[in-house]
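So the protein sequences, as listed, match chains A and B. Sequential numbering from 1 applies to the first sequence in our numbering. Sequential numbering from 1 applies to the second sequence in our numbering.
Keep in mind that the hints are not guaranteed to be accurate.
With the Cβ distance kept under 10 Å, some of the chain B side facing chain A (calculated, not the full set) [said to hold, decoys possible]: (1) SER2; (2) VAL4; (3) GLN67; (4) ALA80; (5) PRO89; (6) ASN99; (7) GLU114; (8) VAL142; (9) ASN143; (10) GLN158.
Estimated spans, in silico, between C-beta atoms of each pair [claimed, not checked]: (11) B:GLY112 x A:GLU28: 57 to 63 Å; (12) A:LYS371 x B:PRO110: 34 to 40 Å; (13) B:LYS28 x A:PRO129: 36 to 42 Å; (14) B:SER147 x A:ALA289: 42 to 48 Å; (15) B:PRO17 x A:PRO129: 58 to 64 Å; (16) A:LYS371 x B:ARG125: 42 to 48 Å; (17) B:SER147 x A:THR311: 37 to 43 Å; (18) B:MET72 x A:THR311: 51 to 57 Å; (19) A:PRO129 x B:MET72: 45 to 51 Å; (20) B:ARG125 x A:THR311: 40 to 46 Å; (21) A:ASP337 x B:GLU186: 30 to 36 Å.
Within a straight-line C-alpha distance of at most 25 Å, the following computed BS3-like cross-link-like pairs (lysine-lysine) qualify [to be verified]: (22) B:LYS136 x A:LYS369; (23) B:LYS13 x B:LYS28; (24) A:LYS127 x A:LYS153; (25) A:LYS256 x A:LYS127; (26) A:LYS183 x A:LYS209; (27) B:LYS136 x A:LYS371.
Read the hints as simulated data drawn from the structure, not as lab findings. Treat the numbers as computed from the prediction; the structure is a model and nothing was measured. Every residue, glycine too, gets a C-beta built ideally from N, C-alpha and C.
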Amino acid sequence: MDFPQNMSMEEAFALAEAEARLNAALQESKVRFDKAEMPNRLNEDWRFGRPHVYAREWAARFKDGENCFEYVGFDNSDEHITRLTADDEDLRQTEMLMPTIGSDALLALHLKRFGDGHVLYIEEDTKEPICLGYGTRWAASPSTFIMVAPGVKAEVAITYACLEIGYIFATCNIQVAEGAELKVRVNTWGDGADGRCMLITNIQNMGGKVAHLTEYQGLRWVREETVAEIYAPGSETKLFSANKLGENAVLDQHTKQIHHAGGATSDLLYKNVLDGNATATFAGNIYVAPGAHNTDAYQSNRNLMLSEDATVNSLPGLEILADKVRCSHGSASGPMDEEQLFYLLSRGIPTYEAHQLIADGFLNEAIEKFKG
Amino acid sequence: MSLVIKNLHARVKDGAPILNGINLEIPKGEVHAIMGPNGSGKSTLSKVLCGHPDYEVTAGSAEMDGQDLFAMSVDERSRAGLFLAFQYPVEVPGVTNANFMRAALKARLPEGEEVDAVSFYKELRGKMKQLGMDPKFTARAVNEGFSGGEKKRNDILQMMMLNPSYAILDETDSGLDVDALRIVSEGVNAMRAPFRSFLVITHYKRLLDYIRPDVVHVLYQGQIVRTAGFEMVDYIEQHGFDFLKTSEE
Ligand SMILES: Nc1ncnc2c1ncn2[C@@H]1O[C@H](COP(=O)(O)OP(=O)(O)OP(=O)(O)O)[C@@H](O)[C@H]1O
Ligand SMILES: [Mg+2]
Chain A
1 MDFPQNMSME
11 EAFALAEAEA
21 RLNAALQESK
31 VRFDKAEMPN
41 RLNEDWRFGR
51 PHVYAREWAA
61 RFKDGENCFE
71 YVGFDNSDEH
81 ITRLTADDED
91 LRQTEMLMPT
101 IGSDALLALH
111 LKRFGDGHVL
121 YIEEDTKEPI
131 CLGYGTRWAA
141 SPSTFIMVAP
151 GVKAEVAITY
161 ACLEIGYIFA
171 TCNIQVAEGA
181 ELKVRVNTWG
191 DGADGRCMLI
201 TNIQNMGGKV
211 AHLTEYQGLR
221 WVREETVAEI
231 YAPGSETKLF
241 SANKLGENAV
251 LDQHTKQIHH
261 AGGATSDLLY
271 KNVLDGNATA
281 TFAGNIYVAP
291 GAHNTDAYQS
301 NRNLMLSEDA
311 TVNSLPGLEI
321 LADKVRCSHG
331 SASGPMDEEQ
341 LFYLLSRGIP
351 TYEAHQLIAD
361 GFLNEAIEKF
371 KG
Chain B
1 MSLVIKNLHA
11 RVKDGAPILN
21 GINLEIPKGE
31 VHAIMGPNGS
41 GKSTLSKVLC
51 GHPDYEVTAG
61 SAEMDGQDLF
71 AMSVDERSRA
81 GLFLAFQYPV
91 EVPGVTNANF
101 MRAALKARLP
111 EGEEVDAVSF
121 YKELRGKMKQ
131 LGMDPKFTAR
141 AVNEGFSGGE
151 KKRNDILQMM
161 MLNPSYAILD
171 ETDSGLDVDA
181 LRIVSEGVNA
191 MRAPFRSFLV
201 ITHYKRLLDY
211 IRPDVVHVLY
221 QGQIVRTAGF
231 EMVDYIEQHG
241 FDFLKTSEE
């Protein structure tokens, strides 16, 4: 280790200590990776995710991708944002402890590269959404941490751009304190070639209101693992997704609404429009812990099929271990409503535009509910 | 110039025949009314003219100013000047009234041209005011959660914005309150012109008192069985359709 000249003993000591911690953390993530199972088809959480194609290529790119790594980060340099640094031990621990739904091994790979991303400690109401963006043509692994202080209202917009054959593996940790209100809108897009994105999100709601929306467009493959954990009564957690999937697109979404505390609500609405031979998988779980009485938890997955070659796998699940719980889950997939289409056509709107309008309208329900 | 329907036969796809040889000519500038018992085929006729996919034309023809309607797609017929105000206007979730109207108007412009937003909103707001509609309806999804009467007004609004040459109004009066009936009728009357025709389908005299038709047809079992003047409206109002059944025997 090279110490800069003129460094005091204390500074040198602190630096050495930081480096030691970093090495220990790297070792820890290596151990975690070695222990974890790479995604495979026998793993229930990866049943429809085509792990043999995607996860392995993915791991390879992130393993030896160091030199080819291209990363562009931009933000609106709001005072709430600081850049993440590799030696932030607390946040590394937070990320290390993130629950995944089948992707522990990939998360461990991500941890090895820990250090790109942003930290948002939001202690005052935001007037405009705080915007963050990440993009790559090869491989990027940004982490975002959002913490909202008690009683504070905030909006955050995150964009992930997978250009050409870019892969993004992103994590997002969200903590909402009592009485806080947060809206997070995640937009992920590709320019159509072969972009792939994986997003692991953990929401911890301590008695606030949080709404989370993801939107995907123009990507080849997307996997999303979203775990919302509800820790306090009075919490409101809303999860939305609105996606347009075209030819060859594969979307693989996994969610958990975990009610640790009673007297809280969670609501999920995931909607997709599928065209061509697109595939969408939704596996959602509502878990109500013993003692989490008076929970309201809902979950709905709706798909509009524009093509007969598109496939939907919808696997909603419930596990309720408390009393006085109101829960519902449902999924529905169907073609475009003939009467709606005829109505638009009868006003002179051409077929293609009519399809687009109806498809956008279908997704709008989730977007409008997110806006509240 | 007219809408000419000759010997039109149509049935539900792979199902029962509903229209059994309709002959009807509506010259430009005239208002015709169609009356007839429930299930006689009035809505089917209007939907067949617009090209609804549930139905199949098995014989006959329909020409609009010399153009073969049945050779055109649904949207082409509309852009060529045909309009149907539906008996049951459809809800289109998530698509705002404004975006819907703008798409319909854009489809009438040359390729690549955009609707001018300022004049569009001005016109839309003006017509909504004329129909007693709250301006908030521009931002609401098409007909979603609208009351019965609001849906009917919304269809008339679309007609006013699209300026068709041939407008079919299928029971536009049902669901309208007395004030709305007057407002909508005034709107229709204001649009009467030598270059435009109306086909008004209704069960009630009160609408036709406002919109005086030039000719009244009676549709029964998929055929036009009577064509007369306004006196037919009074007759039906008083005696119902029993005369059709007795004349059959
Ligand atoms: N898509 C369809 N499938 C099956 N039957 C149909 C269909 N459309 C119309 N019909 C039948 O055709 C007949 C005529 O229906 P239509 O709606 O045209 O009647 P109408 O004259 O408009 O009646 P109303 O005065 O009640 O509005 C009815 O018996 C109806 O049930
Ligand atoms: Mg009818």
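Practice item. Mind listing which of the numbered hints don't hold for this structure, in increasing order? Key: As far as the earlier hints go, 1, 2, 3, 7, 13, 16, 18, 23 and 25 are violated by this structure, in ascending order.
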